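Listed here are the chains, written in short residue letters.
There are 2 protein chains.
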Amino acid sequence: MHPLSPVRPDEISAVSRLLQASLKGVGLRFKIIDLQEPIKKDLVPFLEAERTGAVLPRPPPRIFYALFDRLDNGNFVKALVNVTNSHIMSIRELPKDLHGPVDGDEVLELEAMCLKHPDVIAEIEKLQLPPGVTVCTDPWVYGTDSESETRRLTQFYMYLVDNNPECNHYSLPLKISPVFDTTTKTLIRIDYLPSGADEKTTETTPWKPTKAVEFAPELLTEPMREDVKPYIVQQPDGASFTIEDENVVRWQKWRFRVRSTYREGIVLQNVTYDGRNVIYRMAINEMTVPYGDPRAPYHRKQAFDAGDVGFGATANALSLGCDCLGHIHYFSSVRASSSGMPVDMPNVICLHEQDAGLQFKHTNYRTNTATVVRNRQLVVQMICTLANYEYIFAYIFDQAGGLETEIRATGILSTMPIDEGITVPWGTNVAPGVMAANHQHLFSLRIDPAIDGYNNTAFFEESMAMERDPKLNPYGAGYVAKQTSIVQSGSAVLDTSKNRVFKIRNDSVINQVSQKPVAYKIHAAPSQMLVFGDDTYQVRRARYATKPFWFTKYRDDELYAAGEFTNMSRASSGVEVWSGRGDNIENNDVVIWHTFGLTHNPRPEDFPVMPVERISVTLKPDGFFTKNPALDVPQSSQRFNKSILHQDKAEPIVDTSSSCCSTYVPKAHM
Amino acid sequence: MHPLSPVRPDEISAVSRLLQASLKGVGLRFKIIDLQEPIKKDLVPFLEAERTGAVLPRPPPRIFYALFDRLDNGNFVKALVNVTNSHIMSIRELPKDLHGPVDGDEVLELEAMCLKHPDVIAEIEKLQLPPGVTVCTDPWVYGTDSESETRRLTQFYMYLVDNNPECNHYSLPLKISPVFDTTTKTLIRIDYLPSGADEKTTETTPWKPTKAVEFAPELLTEPMREDVKPYIVQQPDGASFTIEDENVVRWQKWRFRVRSTYREGIVLQNVTYDGRNVIYRMAINEMTVPYGDPRAPYHRKQAFDAGDVGFGATANALSLGCDCLGHIHYFSSVRASSSGMPVDMPNVICLHEQDAGLQFKHTNYRTNTATVVRNRQLVVQMICTLANYEYIFAYIFDQAGGLETEIRATGILSTMPIDEGITVPWGTNVAPGVMAANHQHLFSLRIDPAIDGYNNTAFFEESMAMERDPKLNPYGAGYVAKQTSIVQSGSAVLDTSKNRVFKIRNDSVINQVSQKPVAYKIHAAPSQMLVFGDDTYQVRRARYATKPFWFTKYRDDELYAAGEFTNMSRASSGVEVWSGRGDNIENNDVVIWHTFGLTHNPRPEDFPVMPVERISVTLKPDGFFTKNPALDVPQSSQRFNKSILHQDKAEPIVDTSSSCCSTYVPKAHM
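Sequence order for the protein chains is A and B.
Residue 353 in my numbering is what sits at position 353 of the first sequence, and the numbering runs on without skipping anything.
Residue 303 in my numbering is what sits at position 303 of the second sequence, and the numbering runs on without skipping anything.
Isolated chain A (complex conformation) (with noise of 0.2 Å):
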């Protein structure tokens, strides 16, 4: 078993069977058990010999983490097993201020018993709802707004359901607001949420019977198009990629390795583009999502979707059909239940292969000639949903060195009640009497580059005039790039009227064309940073959404931007610290934190459904190869692709004929 193998179901078995025996007779209710990575000094040595064919020393065990609660003291723990020895290497209890995650089986047990709960019955009847109009809740983390609680609390987010289960239940946001302890499991109080234009809220009165704006097929009014025809990707010799070893994949000279982990999702290792390494590890790692709505209970309203949650943990299973197109392959994956058990996750991650129009082309005007190049893509795809959102994780490999990561968001705008004839400036109405707030998503996307080789420097480039000459300069006509490099750990900021772009060198390799180290860019996404004020606990507990670009020096186990444990967290405890080492980085084991994201101040058009917004990252070669790797890929042609020619009428036109491209020669009219 490779050390970077997907975790396998007896091994969750394993650990939660040798917890609980040196556990005896505790109730223990886990969170999480996944795979704790080899440290990297143990890791690099075997996976460099993987690569260069050399004798393979002995694997690295495999050791899990392990997070859970004792039921017994509420304590909430931190073990450490090696399951290749059955050996628990240490167990760990937590101070009280941190807290777990919210897991999958705890979300339905916190549904079913606050809408039990005798208080919230008797609130929820004063609503008099109408026969089949129901309530449903989407609890949520409680946040941060004190220095003081250390409770587990859970607030829910209440809403109607009218009759049938797929109804849009929010279109039809309710006020009424419960706040449970969840350890004890006892209300602590229900809020209520303010709908006017300002602070103030009102006591639960009688449903004002309204309709729910739906999307869910079966419940549309509207009629259908009934003009979308048919688009089918065949390919009939099957996908250009291999898998291997389980989660190896080979695809146009790349090769690496991928998985999902519970609380990242999508991980990329171990990749490297014709033997050669390009990166060592590579995963959106966090993402915070705060909302601008200034009033209580709002001021809380912020989530840390891998943190809190975890994206691997609500990857959707994939569908043939529905989600990809093509010919694909799926990935499974496996988590921990509460009980310890594991429970299977199949097809979170589907590989497929896209066209994404020309790669290159170029015509010699004298002949009209063309030399044309298609350009084929492998994506690597995961979709998660976090209650009401989707967010759609894709990572996109071409054939010239270039790896993109997109994030596409999609799924449904969290919502708040609003009275009839109000408006706020912080957020935006959807429906009648709903509005959405504006807020936050932003990311981190975690690089741990081994460009050529596992020291590598950091720095940027910025494109600025050079100064007059006489001799050299006279017209004031000359720009050069000036670097800078990143020798300690710290921040950055982009400079777009400067086109500063990070980039990533070797300098113990040199490219024989530009004599250049060899080098790696990155095509970063310039977003607005986190836009409350310095002293929130919005900015506080995410500082790594302060500033797009962080640079630390490796150590093992700093893999979660804003820290390890974010629910009801005060403060973060991540980038910030560890850049603020002041470790010298400069050739060195450096990693890289770009945070990105969008500042989303909703659009009716977001609902009831949200049309994908997208964003995205990609690192391309820049003087890693001594030119364009791609000059092997055949080229496009109509045999090959065998596009057809439109025409109105009922049979279309074949053209098979052209196998190269030569272009037409205009003639003139005479």
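Since the hints were made in silico from the structure, they are not lab data.
As the structure is a prediction and not an experimental result, all values here were calculated from the model.
Just to be clear, a hint being listed does not mean it is correct.
Ranges between beta-carbon positions, derived for each pair [as the list claims (entries may be wrong)]:
1) B:His2 x A:Lys471: 58 to 64 Å
2) B:Gly53 x A:Asp227: 18 to 24 Å
3) B:Pro230 x A:Thr367: 26 to 32 Å
Each residue gets a CB set at the ideal place from its N, CA and C atoms; glycine is no exception.
Position chain B against the provided structure of chain A, taking the given hints into account.
Leaving out everything else, chain B in the frame of chain A:
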């Protein structure tokens, strides 16, 4: 014939015939004969009558403009001709310092002229070229470095062709650069390109044989990849678009006119969604490419590819199965030859659909039922070859009211000779003896909006934290989007730190759900503006490229951001002039000009032919609709999409069972 129909060959003949008859005995050399669009005051009533189904007024006549040189006195002339009435409206000789564009016939004539000149031949002989190695040349616009030059000059960059005509001559650049007076066809001088680390030039010496760096498939020596398997797009029921009246496209509630103009290439007009006005006219109207090598003669190296040459003029004849995938429709065009004869330009615009992944998805986690809709798009595309470079222009329509303008740069870097062992800070060595200088590509997108009508207001929104307030905002957790209307013509910058977003609204039409005026927003492409100093010719000739946004009040014939005549211009005369009028543009006929592009500091991977570098600007509805306008798009389903499960066996398993997208409910192991 519709006022916006494509140009017909007989119209071009009519124009040149009328002008030739009017200027009897004078030799005329035509540069451009193209449609002069009707003035807006006349066109709008016609388009509105079409849109609303009213009685059509009399259509405006077909008027053409012609730019030509008089061979008797060398004057450059602009004429307006009413082809409908066979009547010349005006003939105007232009000032001596205005020059017409370079035309296609001219380029081939210039090449021949240069290569036949005895002084040039003598210079070439000094190279002592081996048999089979010949010289070719790219004529280039001369550019500007003087206030007093009025001659029409051409500079020539020279390269070697090693036997095969498909040899990549850009990898064999020479130091010889003749300069000719294009009008008198006389050699002015021979410049020498500096090839060391500074501005010094050297005399021509015998060529040291160097291998070309090839990309044409027949000249590649390395083996081609054999593992790229076919990827075929099939549309068994045809495409979802329809074409009417020659150049009206209908697709998924969009209706628009498309045609190619000589200068801009693709122009979109009268764009409506579901019968509602969105855009009056939109086009990329200019692009400047200034180079950053400070040394003579490169200080003059700045192309204006629309104004100096023409995107429509250089559009490729697209080949079925080479450039576009799937079910393709082509639009053709026609231009004038230098003798005023119509020249067919077939297949310059292709139209086809593409699948861009998921459009929206939501899974109800309680029931595991998913709604999944795919993102079908319509692509309108043109590929233009400007000597060494290619630009791929695409307008991409989606089903949710979005319209993207995408530009991809490919083709070949412009190269200069460099001596062995030398590197320079203003460029990159991309092959032995070959340097590619830093340069920028700055595009102007002219958007003439008609958001639900012809009086619109441009404005921008910025997201900023609300001030603390003990009642309303006690935790500093609120943020708002603050609007600033653009009331007077002028320019503006982007500001990512505030998430500044430019939008266009119609104050007369209020969205009933959001209670705000209907609007569209611009997802701009934040880019570095011209890097050069304010007093350089680079900037003086292209003021549009100093700001990302310009706002002008509509006037007929204000179409080109740098002005109508760019060839050897000394200063631009475009948006900076028109916006300087200080017109009131609030709730008015406002025109928006977005400048964006690439600061391109070459990398070896860009050579010998460049993988596409992509940049894009998207218009999205922002309260134009009361909800997601694509809810009526049918769900994704396997029965429709026919995806295939990848197996490493010979026979793929085809799963066509599921018709809607229910997802797997995970069960824990017991």
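Structure-based check of each hint:
no. : hint                            : in the structure
1   : B:His2 x A:Lys471: 58 to 64 Å   : holds (59 Å)
2   : B:Gly53 x A:Asp227: 18 to 24 Å  : holds (21 Å)
3   : B:Pro230 x A:Thr367: 26 to 32 Å : holds (28 Å)
Consistency note: the structure conflicts with none of the earlier hints.
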